[in-house]
Amino acid sequence: MYPRPIPESQPLKRRLYMAVLGLALLIWLLPLVAVTMTSFRSTQDIMSGNYWGWPVAPTLVGNYLQVFAQTPMARFFLNSLLITIPSVLLVLVLSTLNGFVLARYRFRGATLLFAMFVGGNFLPHQILMIPVRDLMVKAGLYDTFYALILFHVAFQTGFATLFMRNFIASLPGELFDAARAEGVSPPRVLWYIVVPLLRPALAALAVLTFTFIWNDYFWAVVLTQSDSVKPVTAGLANLKGEWISAWNVVAAATMIAAIPPVTMFFLMQRHFIAGLTAGAVKG
Amino acid sequence: MNLWRRHRAWLYPALFLFPGVVVFATIIVASAFESLWVSLHSWDGMGPMSWVGLANFRELLDDPQFYTSLKNNLIWVLMFLLAPALGLAIALAANQTLRGMRLVKSLFFVPLVLAPAAVGVIFVWFYDPSFGLLAKLCALAGATPPALLSDERLVTFAVVAAALWPQVAFCMILFLAGLGNIDESVLSAARVDGARGWRLLVHIVLPQLSQVNFLAVAVSVIGALRSFDIIAVMTQGGPFGSSATLAYQMYEQSIFSYRFGYGAAIATVLFAGVAVFIAWYLHRLLRDEKA
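Read top to bottom, the protein sequences are chains L and Z. Letter 150 of the first sequence, counting from 1, is numbered 150 in our numbering, and no numbers are missing. Letter 116 of the second sequence, counting from 1, is numbered 116 in our numbering, and no numbers are missing.
Hints are all accurate, no fakes.
Among chain L residues calculated to face chain Z with C-beta under 10 Å, some are:
no.	residue
1	I6
2	M18
3	P31
4	L32
5	V35
6	F122
7	M129
8	V137
9	F218
10	A258
To be clear, the hints were calculated from the coordinates, so they are not data collected in a lab. Where is the CB? At the ideal position from N, CA and C, for every residue including glycine.
The shape of chain Z in the complex, shown without the other chains (with noise of 0.2 Å):
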């Protein structure tokens, strides 16, 4: 009882801590090192892990199907940029105070609700060359009807374009919440300058939203870069693995093949692709907390 008295100061606050912290640290954080423990193995998943070093990131560097992953990673993260720009004319378009925007507003949230799985069968069945939207489009226009998921050359694209409608949407909400806490002082004085429309915007408006442009940025390009279940809905990374990306062919190489010391090192390429935008992120935060 004494003990508890003389120490009770700290541990309180340690009590509270430690359920929290342990399940945190056992499964997200140890399971990141793990995986880079098992990259440097050759395992099925079942029997023992045998040490192989570097083996599998070499054969990465010969693997084709990797290239086209990281190129695809990398369209998914240039078209992922299109959603701040997106979500930000949308935010523009609402930022009205009539009677009705609120719902207006609700329901252009509405795509960042729904599963991501859930909007890959949507667009499966929009993208379908024989009775989907596109196609019944296309036949009006006279053109014929594209099967955007199988051809190598546009799988990527239409899969991405459909990723794309829940983050603008994700985008627009915090624009719109950047727009709600404009300084209006600052405004007012620019409009008495005589600042207008685009100049107003790129000079006023814009530098007051660099917050959320921040955050629109990383969270659209950490979410590119992780890209998993609309892939796997819609596509399951064909035809022939061209519409795969890191994180589908770690699943793939892992899940299906058995070789899970492969996955890893595919993870562990992923992961330091991301790893530079959460030290970004968490600088910045950092920062931010310290000023």
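Extracted from the complex, chain L is given alone in its bound form (with noise of 0.2 Å):
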């Protein structure tokens, strides 16, 4: 290992270490044990310019509940839900078809497409955002949700079929030359071969996409325009503007937001940390 790991045989250091390594870490997660503390503060505290002190008279459920009654948070909530479960079970749908594909058949233009999904992926949103908004208003579908949802499963596609094509391709090859000799067909050999074994892969691609796109908000800005599509994202950022001085407010309303993906990564950290180092370390 490196570098060296501090020997059982030294208490002391090592928990000078722990100390030390605690320290850094509430420096570095400053800012969000700052907002977590605000969105506790009630209204007296912020008015006597009780920012960053302890509070003084804090209220547990009052900030999240006048954002629940006075904003249309839940709405906006519910919303990214509504958007991004459906986007990130068609991603798996889709990924899991380009991957077996592209992981188990040779054919000209294998590494073409693969490329192009693998590129797609890094293209700027903007050189994307005309052309999509564009088509999305001929469709019909510009300020709804299936605006948000086509358009997260064709970009969120790309990167899922790399991780995917890599995952099958990694499967003992063996499964698949003794299917084909009993003549399994290929929909069987996906469905009782290849799905049982995807699980880890699935619960990977599945935590990255969600936090992806629960987390975007170019297009959500880009496509939607009315409340009652706006996922949480564009909500918050509208809010911080209308509640310009009432931090705890807006600071609650923050929380909110992030709540989902943080609890996905804390539920689901291995495979999210095993889908995101997929590329760094060869396996």
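Now that you have both chains on their own, put them together as the hints suggest.
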């Protein structure tokens, strides 16, 4: 291991290490800690300018209730779920199909197709903005969930296909040879052999694409207009302008927007990290 | 039925690929090309397009905002190159296996899963010159708090600093994964030979992390060039366009000024810049595939 592990025989050094690292962590997360604390501050605290000290009259749910009662944040939150969940499911289906073919069949143009999926994933969104917006307007999908779902599915399929192809390519080839020898049809191979083995890959992709799509702001402002469709990121940006001096309320709204991806991350941490670093370490 | 039987060997994979390829090709790939086409026109987004050739690009060369955006993109890229370095530093500091380390590491990752829009909201408040934490810290030191987001010279640096927060976390994840995969035998051989500390890092550890180094630099540069969300939330390109990047200027020209042709021209320039890095990435990826 590098750096050399701190040996068990030096408990003092270990404790010192943990203390220093803990302090660094606290500074690292200071903005987040401050927002969390402020989401529990009462208006009284805010009025007296107590933004950073210990909350004098903390309110556990007051600001959150106010967010739900006086802003459309609950609606935005629901919109985000209605956009993100179907998108993730569709990405999983499409990328499994693509990945299976690209990993298990050799044909002319396969490399080109693969390069297209990978390269497209790195495109700056602005080069897509005008045509995609135009397409959605013409199709009558502008300012509906379908516009965002369709775009996110298309875009995320690029990255997801790369990931799935590499995962399926790493499965033992004998499985497929045996299936072919038995004359099992490709859909059955996919469903009965590949999909059961894909569970870790599906989990990793699900949590990653969920985070990417939930956190999108650009397409939310490009493809939606009304509060009944807008996801939580665009809603939060609006709220910040409208509730300019009520930072406790904005902080609570920020927390609400951040909670789903953060929860997903902690629940499925291993998968999240495995997915993100798949290209970094060769297995 | 006979037809199906004769051709099913290739019909199945073709059928499987069909939905994904159609969606990706029509919405992503075709759109990118269409933007190049739109950039050669004058268009308000609704009426007919009229061909103007390279006029949008010529206008760009005389547009002072274009140079400001370009300069800001350069600042973004250069500052984002700190992300791999800082990410590696934190990864080295945190690469221990004591009890509780898993939690510590995952807490370090948290900024990465926050929406850039949320990070922007948090930092606007952090930077506020009257009540932000930065102002409080300046007051403690007896200095006048700078109005970072309304100062034309400082605003881009302030926005990039906010954007670095999640990016450093991203690089840290990559490096921790890389450090976990280091060849122990090479490492202990080097240690037996007396390599220590800095020299061990530079000559033995870093060369083994070349794949991670490459990935961290590539995603940071591409991320810097694509930056939009956090600028839109923190400054809307202001004051007076001084914090706009190409991505933001493109959005503003199209959505607010209805100059879709001009916007597409800006996007094309941005695309040309990113394409170099995409090509570099693909080249390495496909080369590794063959090996």
